[in-house]
Amino acid sequence: MPSVAPRRADAFYWLLTWMAVALNLGRFFDLASAPLVLLYQVVLIGSYALLFIAPIWAISRLVGRFASKTGAVLSVLLAGGVQLALYGDHLLWQLYGFHLNGFVWNILTTPGGIEALGSSASTEREVALLGAGIFALQGGLRLLAHGLARLRLPAPRLAWVLPLFVVATLGERISYGVGHFYGYSPVLESAQRVPFYQPLTMRRVLEKQFGLERPQRMEVTSAELKGQLRYPQAPLRIEAPAKPLNIVWLVAESWRADSLNPRVMPQTHAFAQRGQHYLSHFSGGNGTRIGMFSQFYGLPANLWFPVLDARVGSPLIDVLQQQDYQIKLFTSARFSYPEFDKTLFVKVPPEQMVEDGAGASWERDRRNVDNLIKFVDQRDPAKPFMTFMFFESPHANYNFPPESVIEPDYLPDFSYASMDLKRDIKGIHKRYLNAVHHLDSQLARVTEHLEKNGLLENTIVVITGDHGEEFMEKGRWGHNSTFVDEQLRVPLALWIPGRAAHQESLRTSHVDLLPTLLPLLGVQNPSQDYAIGHSLFAPQKDRLLLAGDWDRLAFLGEQYKLVLPFTSGSFVGMDVSHADDRQVGNSAKVLQSKLPLIQVEMGSLRRFLAH
1 MPSVAPRRAD AFYWLLTWMA VALNLGRFFD LASAPLVLLY QVVLIGSYAL LFIAPIWAIS
61 RLVGRFASKT GAVLSVLLAG GVQLALYGDH LLWQLYGFHL NGFVWNILTT PGGIEALGSS
121 ASTEREVALL GAGIFALQGG LRLLAHGLAR LRLPAPRLAW VLPLFVVATL GERISYGVGH
181 FYGYSPVLES AQRVPFYQPL TMRRVLEKQF GLERPQRMEV TSAELKGQLR YPQAPLRIEA
241 PAKPLNIVWL VAESWRADSL NPRVMPQTHA FAQRGQHYLS HFSGGNGTRI GMFSQFYGLP
301 ANLWFPVLDA RVGSPLIDVL QQQDYQIKLF TSARFSYPEF DKTLFVKVPP EQMVEDGAGA
361 SWERDRRNVD NLIKFVDQRD PAKPFMTFMF FESPHANYNF PPESVIEPDY LPDFSYASMD
421 LKRDIKGIHK RYLNAVHHLD SQLARVTEHL EKNGLLENTI VVITGDHGEE FMEKGRWGHN
481 STFVDEQLRV PLALWIPGRA AHQESLRTSH VDLLPTLLPL LGVQNPSQDY AIGHSLFAPQ
541 KDRLLLAGDW DRLAFLGEQY KLVLPFTSGS FVGMDVSHAD DRQVGNSAKV LQSKLPLIQV
601 EMGSLRRFLA H
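UniProt numbering numbers the first residue of the sequence shown as 1 and each following residue consecutively.
Simulated from the structure, these hints should not be mistaken for laboratory data. Any given hint could turn out to be false.
[To be verified] Restricting the straight-line Cα-Cα distance to at most 25 Å, the calculated cross-link-like pairs of lysine to aspartate or glutamate (DMTMM-like) are: (1) K383 <-> D409; (2) K374 <-> E363; (3) K426 <-> E224.
[Unchecked claim] Across the chosen pairs, the derived CB separations fall in these ranges: (4) S280 <-> R379: 21 to 29 Å; (5) Q233 <-> G211: 35 to 43 Å; (6) S418 <-> K243: 53 to 61 Å; (7) A132 <-> A270: 18 to 26 Å; (8) L162 <-> L597: 49 to 57 Å; (9) L597 <-> Y87: 39 to 47 Å; (10) A270 <-> E558: 25 to 33 Å; (11) R274 <-> S418: 20 to 28 Å; (12) N261 <-> G475: 44 to 52 Å; (13) L506 <-> G81: 21 to 29 Å; (14) Q192 <-> M19: 49 to 57 Å; (15) E473 <-> R274: 45 to 53 Å; (16) G359 <-> L162: 51 to 59 Å; (17) E363 <-> K589: 27 to 35 Å.
Where a beta carbon is used, it is the ideal one built from N, C-alpha and C, also for glycine.
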């Protein structure tokens, strides 16, 4: 049996650990001024802090029964791990507005996912130091607990803590249930800030047992689509053109629309002015996965998983392979993350797919352009060709060579672990502009080579971005977090042989690319067979665009943006804003007025699934 002193020290240690975890969890909150909401937040933080440490307390205590020193060491390691996980989750919350979830797990477990984050050597170094510091502080709490145990202070007991925890948890659960029922946003928003929060709803109890009426009655289906994939709707009918057109498809990571201007990208801007330049173009997603998916399939985000599961390739690749195109694909990232080797390019032989992951991203881009030009020069001129390249240099950390600096006052280096966005965002944005200026030079190398060799006369050129990039204009940095214009709008320049120069200001989308290009390649099917978009040559007014991410679908109207989760019809999971991203005053009223239109749109999407 352990002596009294170690038990007292252990009790103080867990009290201190609970307080430390609560302080760490409190960093997620902007404490409310309303007393009742503040009380709810305090109870929420305290109860979940205790919930987070309960499992490691049980494990450490069980081990400590057999080996007290091992149990003590384990308690420090496990508690330090919890603190480190909360620190990392808080960083995610600050940057992107979400917690550790399936999307983050996909990044960690998919080949190429970690590299896609674009972390620098300073980030890795500071994360290591941060981890060491957190574990050291946790060890310090153990030493402090031993010091407190020597004093004549009453040690906390489980008999005190357990009833308090039960009362606090029940109070928090009931408060959330009532808040959910009445749609009280301060409570709902507070709960969303807690990692792994498990909501409890009380609708049936309050309606049936207490006779209360929900003021915001919205019976809503989610954006989830179920069933066996039917894509395309019908086999593609192809009448090969007498003179097939080549295709050069160039996509830049994190390339936002307003950076395509004469100062930052003079050469690409001039090329866009000569062709079809779309001034209000939206990606189909706020991240690479769905942004590329919408380009090569013309489908919305909630069909990504069915396509991935079925291993269905892009119709574009099918059409090109049926016509014996020479194909070569290049990326400065990885084809495995996101899973483009299992979706877009699943039917492309590995020898036709070139990855370059060595060195700085701008160096990779330059080498890939070298190889792309070499492929064009060495191809069989008697056969058409298609080449694709994914540029990585505009992705954080936004790398560029010295000669590409147009904003000299940029942040020399930044670390995800220690950045202060309020302090650093201007310097970070200037890094981005320098990187995009370098991108301009590499895009120009391709287009100039095509023109020099007379290939623009019979080559379609697509130049666009996978998604945009925000620099705190609407409260976030980067992408993958919200559906604001900065994260969705991208440049689009098309070169179509024989078409006069044109600038289009009506809203267009990535899902319009296949309906525009496949007919030029001989596809006779109506575009509804393989896409939800429309030809870019005939843009439409007052249309509803779709954009999505890992688990949400956004409906982008001319006046409002409405977001639905894939798997929950609860109005808590919804969001609504004006089209210019301003918050809506009476969101419930707007949601109710727009839901019939959304339900019609969802019904149209179900044609791609067999039930």
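Each hint tested on the structure:
Restraint check: the Cα-Cα separation between K383 and D409 comes to about 49 Å, which exceeds 25 Å; the hinted pair is violated. In summary, the hint linking K374 to E363 is supported, as the alpha carbons are separated by about 17 Å, within the 25 Å threshold. The suggested pairing of K426 with E224 is violated, with an alpha-carbon distance near 39 Å, which exceeds 25 Å. Hint check: S280 to R379, Cβ distance near 35 Å, so the stated range 21 to 29 Å is violated.
For the hinted restraint 35 to 43 Å between Q233 and G211, the CB-CB distance of approximately 49 Å leaves it violated. A beta carbon spacing of about 57 Å between S418 and K243 agrees with the range 53 to 61 Å that was offered as a hint. Look at A132 against A270: about 52 Å separates their beta carbons, and that is not inside 18 to 26 Å. The given range of 49 to 57 Å is respected by L162 and L597, whose C-beta atoms sit roughly 51 Å from each other.
As the Cβ distance of L597 to Y87 is approximately 42 Å, the hint placing it in 39 to 47 Å holds. Take A270 and E558: their Cβ atoms lie about 31 Å apart, and the range 25 to 33 Å holds. Checking the proposed 20 to 28 Å range against R274 and S418 shows it is violated: the Cβ atoms sit about 45 Å from each other. Remark: the range hint 44 to 52 Å for N261 to G475 is contradicted by a beta-carbon distance near 24 Å.
Roughly 52 Å separates the CB atoms of L506 and G81, a value that falls outside the hinted 21 to 29 Å. Between Q192 and M19, the C-beta spacing of about 24 Å breaks the proposed range 49 to 57 Å. The hint said 45 to 53 Å for the Cβ distance between E473 and R274, and at roughly 30 Å that hint is violated. The hinted range of 51 to 59 Å is satisfied by G359 and L162, whose Cβ atoms lie roughly 57 Å apart.
For the hinted restraint 27 to 35 Å between E363 and K589, the CB-CB distance of approximately 53 Å leaves it violated.
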